[in-house]
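Participant: Each chain, written out:
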Amino acid sequence: MYRYDEFDHTFVAQRVAQFRDQVARRLSGELTEDEFRPLRLMNGLYLQLHAYMLRVAVPYGTLSARQMRQLAHIARRYDKGYGHFTTRQNIQYNWPALKDTPDILMDLADVEMHALQTSGNCIRNVTADQYAGAAADEIEDPRICAEVIRQWSSLHPEFSFLPRKFKVAVTGAPADRAAIAVHDIGIRVVRAEDGAIGYEILVGGGQGRTPMIGKTIRAFLPKRYLLSYMEAILRVYNEFGRRDNMFKARIKILVHEVGIEEFRRRVEEEWEAIRGTSVELPEARCSVSPHISRRPLLPHCQRSRRILSSVSALIGRSPAGRASISIRISNPAMPSSTFR
Amino acid sequence: MSETESKSGKRTTEEGVLAISTARGARGGALKAITANRLVDGVVVYLGEGGGWVEAIEAARSVSGKDEAAALLASVEPDVAACRIVGPYLIDVVAGSDGKLRGASERERIRALGPTVRLDLGKQAEA
Chain V
1 MYRYDEFDHT
11 FVAQRVAQFR
21 DQVARRLSGE
31 LTEDEFRPLR
41 LMNGLYLQLH
51 AYMLRVAVPY
61 GTLSARQMRQ
71 LAHIARRYDK
81 GYGHFTTRQN
91 IQYNWPALKD
101 TPDILMDLAD
111 VEMHALQTSG
121 NCIRNVTADQ
131 YAGAAADEIE
141 DPRICAEVIR
151 QWSSLHPEFS
161 FLPRKFKVAV
171 TGAPADRAAI
181 AVHDIGIRVV
191 RAEDGAIGYE
201 ILVGGGQGRT
211 PMIGKTIRAF
221 LPKRYLLSYM
231 EAILRVYNEF
241 GRRDNMFKAR
251 IKILVHEVGI
261 EEFRRRVEEE
271 WEAIRGTSVE
281 LPEARCSVSP
291 HISRRPLLPH
301 CQRSRRILSS
311 VSALIGRSPA
321 GRASISIRIS
331 NPAMPSSTFR
Chain P
1 MSETESKSGK
11 RTTEEGVLAI
21 STARGARGGA
31 LKAITANRLV
41 DGVVVYLGEG
51 GGWVEAIEAA
61 RSVSGKDEAA
71 ALLASVEPDV
81 AACRIVGPYL
91 IDVVAGSDGK
101 LRGASERERI
111 RALGPTVRLD
121 LGKQAEA
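For the record, the sequence lines run as chains V and P. With the numbering used here, the residue at position 180 of the first sequence is 180, and numbering never jumps. With the numbering used here, the residue at position 55 of the second sequence is 55, and numbering never jumps.
It is possible that part of the hints are untrue.
Claimed, not checked - When the alpha-carbon atoms are kept at most 20 Å apart in a straight line, the in silico EDC-like pairs for lysine to aspartate or glutamate are as follows:
(1) V:Lys80 x V:Asp100
(2) P:Lys123 x V:Asp79
(3) V:Lys99 x P:Asp67
(4) V:Lys99 x V:Asp8
(5) V:Lys99 x V:Asp21
(6) V:Lys99 x P:Asp120
(7) V:Lys99 x V:Asp34
(8) V:Lys80 x V:Asp103
(9) V:Lys248 x V:Glu262
(10) V:Lys165 x V:Asp194
(11) V:Lys99 x P:Glu55
(12) V:Lys80 x P:Glu58
(13) V:Lys80 x P:Glu55
(14) V:Lys80 x P:Glu126
(15) V:Lys99 x V:Glu33
(16) V:Lys80 x V:Asp107
(17) P:Lys123 x P:Glu58
(18) P:Lys100 x P:Glu55
(19) V:Lys215 x V:Glu283
(20) P:Lys123 x P:Glu77
(21) P:Lys100 x P:Glu58
Calculated from the structure, these hints are not laboratory results. Just so you know, these numbers come straight off a predicted model, no measurement behind them.
With the sequences and hints as input, model every part of the structure.
Facilitator: Pasting the structure below:
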């Protein structure tokens with residue numbers, strides 16, 4: 001897992017102090033709601049149907065036990081004893097009071113978490129396969145790529161005011177468990193015929209009122225070009241994405257309207273222009289972290305893998321009409337078992 | 001101001017009348033009340049009979065007529081300036097068979113009660 005360095009700790013603490021001052025100024029009347037609204041949204045605080053809602057990012061869905069305990073503490077102390085984990089690997093608190101939010105953010109900062117970029121027209125929390133690091137079909141742990149993107153996109157000055165929000169997901173396996181096909185940019189780790197590992201890049205997927213499946217803009221991108229290629233996509237979107245109609249502002253609309261061929265041409269043109277000056281990832285930094293994914297396979301792990309590889313799940317409907325899940329475990333060493 | 005407010009559109013009332021959503025300016029002839037969120041904690045509140053803000057829609061002050069509604073809305077501006085409430089707006093309300101006020105639109109009924117997926121939360125849980 002990524003650990004905050006001294007700079008990260010200082011920066012997040014400064015942002016909390018800044019927000020504490022902004023909340024105080026709002027409560028005293030120094031700031032109007034129109035002035036305060038963009039400030040609270042930059043800190044992940046919405047005002048919704050029933051109350052305020054605070055959305056906290058869980059980068060690529062990875063939490064330590066300490067962080068999980070702190071999330072529970074926040075739910076008990078400041079909210080109604082629960083939080084809602086979202087499909088995009090955030091957690092939302094649905095009943096926080098405005099006056100408590102600076103303290104909540106401070107508690108989050110204590111465990112290296114925050115709510116920055118969980119709202120607004122910026123690059124949102126990067127998500128990954130929920131089985132990252134443990135999936136049998138994984139080519140490489142997607143969290144390495146996701147972490148690189150998280151660091152690059154955090155407070156990126158050029159991409160903080162995009163036409164609309166921008167979501168990125170990464171999977172390290174052929175199976176799309178991270179739902180990359182319905183993200184603004186979807187990244188799949190792939191292995192070329194010569195054995196080289198790189199990324200397939202999809203663009204223009206999305207859900208909501210206009211669901212679209214993302215299209216492959218590049219079948220194989222060498223790892224070192226990840227950030228420069230993403231930068232090229234975002235630059236094209238930033239320039240040509242619609243800002244006159246929020247319902248047509250997502251990148252999926254742009255890709256659909258100009259067509260994937262024309263969109264690819266524009267991106268490649270931009271990429272050629274910036275590639276020489278953009279950050280190239282050193283191979284060692286964008287490879288699998290040895291302590292995450294190259295653990296020695298211990299005897300009990302080998303046994304578990306054999307069992308896991310022969311687990312099959314069936315999702316269907318029972319005679320009573322209720323949804324049912326049947327899990328069948330077959331292992332030569334044990335009698336077959338089915339759980340419902 | 002809720003980020004979800006802009007999504008409100010046409011709603012069908014219980015009486016089968018197609019009503020325009022009340023989030024921004026309601027029909028002229030209907031019974032009106034004023035709702036907002038309390039600034040400090042975001043709780044849904046209504047302008048009460050006594051001029052204060054109440055949490056129960058049943059205790060809301062209601063008026064009829066476009067001019068009366070506009071005047072009522074204008075009367076809460078000092079509360080906005082005093083940071084008591086945020087985002088006040090007019091809603092259509094109807095009196096039920098028991099004489100109690102409730103929101104005319106589905107959105108306002110949900111807002112008055114609490115989440116439909118968690119009946120143990122919100123004002124519905126306190127009743």
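Participant: Would you mind marking each hint as holding or not holding in the structure?
Facilitator: Right, here's what the structure says about each hint:
At roughly 13 Å between alpha-carbon atoms, Lys80 of chain V and Asp100 of chain V fall within 20 Å of each other, so this suggested pair holds. A hinted pair counts as satisfied when its Cα atoms are at most 20 Å apart, and Lys123 of chain P with Asp79 of chain V qualifies at roughly 15 Å. For the hint linking Lys99 of chain V to Asp67 of chain P, the alpha-carbon distance of about 36 Å lies beyond 20 Å, and the restraint is violated. Of the pairs offered as hints, the one joining Lys99 of chain V and Asp8 of chain V is violated, with about 25 Å between alpha carbons and a cut-off of 20 Å exceeded.
Taking the CA atoms of Lys99 of chain V and Asp21 of chain V, the gap is about 11 Å. The hint holds against a cut of 20 Å. Distance hint between Lys99 of chain V and Asp120 of chain P is unfulfilled; the C-alpha atoms sit about 24 Å from each other, more than 20 Å. Among the hinted pairs, Lys99 of chain V with Asp34 of chain V is consistent with the structure: their alpha-carbon atoms are about 18 Å apart, no more than 20 Å. Proposed proximity of Lys80 of chain V and Asp103 of chain V is supported: the alpha carbons are some 16 Å apart, at most 20 Å.
Between Lys248 of chain V and Glu262 of chain V, the direct Cα distance comes to roughly 18 Å. Compliance with the 20 Å bound is thereby established for this hinted pair. Restraint check for Lys165 of chain V and Asp194 of chain V: the C-alpha separation of about 37 Å exceeds 20 Å, so the hint is violated. The hinted pair formed by Lys99 of chain V and Glu55 of chain P meets the criterion: a straight-line CA distance of about 19 Å does not exceed 20 Å. Distance restraint check for Lys80 of chain V and Glu58 of chain P: the Cα-Cα separation of roughly 25 Å exceeds the 20 Å cut-off, and the hinted pair is therefore not satisfied.
Only pairs whose Cα atoms come within 20 Å are accepted, and Lys80 of chain V paired with Glu55 of chain P is accepted, the gap being roughly 18 Å. Between Lys80 of chain V and Glu126 of chain P the CA atoms are separated by roughly 13 Å; this keeps the pair inside 20 Å, and the hint holds. Proximity of Lys99 of chain V to Glu33 of chain V is assessed by CA-CA distance (about 15 Å); at most 20 Å being required, the pair is judged to hold. As the CA atoms of Lys80 of chain V and Asp107 of chain V are separated by approximately 17 Å, the hinted pair is consistent with the 20 Å bound.
For the hint linking Lys123 of chain P to Glu58 of chain P, the alpha-carbon distance of about 12 Å falls within 20 Å, and the restraint holds. Our distance criterion of 20 Å between C-alpha atoms is met by Lys100 of chain P and Glu55 of chain P, whose separation comes to about 14 Å. Of the supplied pair hints, the one linking Lys215 of chain V and Glu283 of chain V is violated, its CA atoms being roughly 27 Å apart against a limit of 20 Å. Distance check on the hinted pair: Lys123 of chain P and Glu77 of chain P sit about 26 Å apart at the alpha-carbon level, beyond 20 Å; violated.
About 6 Å separates the Cα atoms of Lys100 of chain P and Glu58 of chain P, which keeps this hinted pair within 20 Å; it holds.
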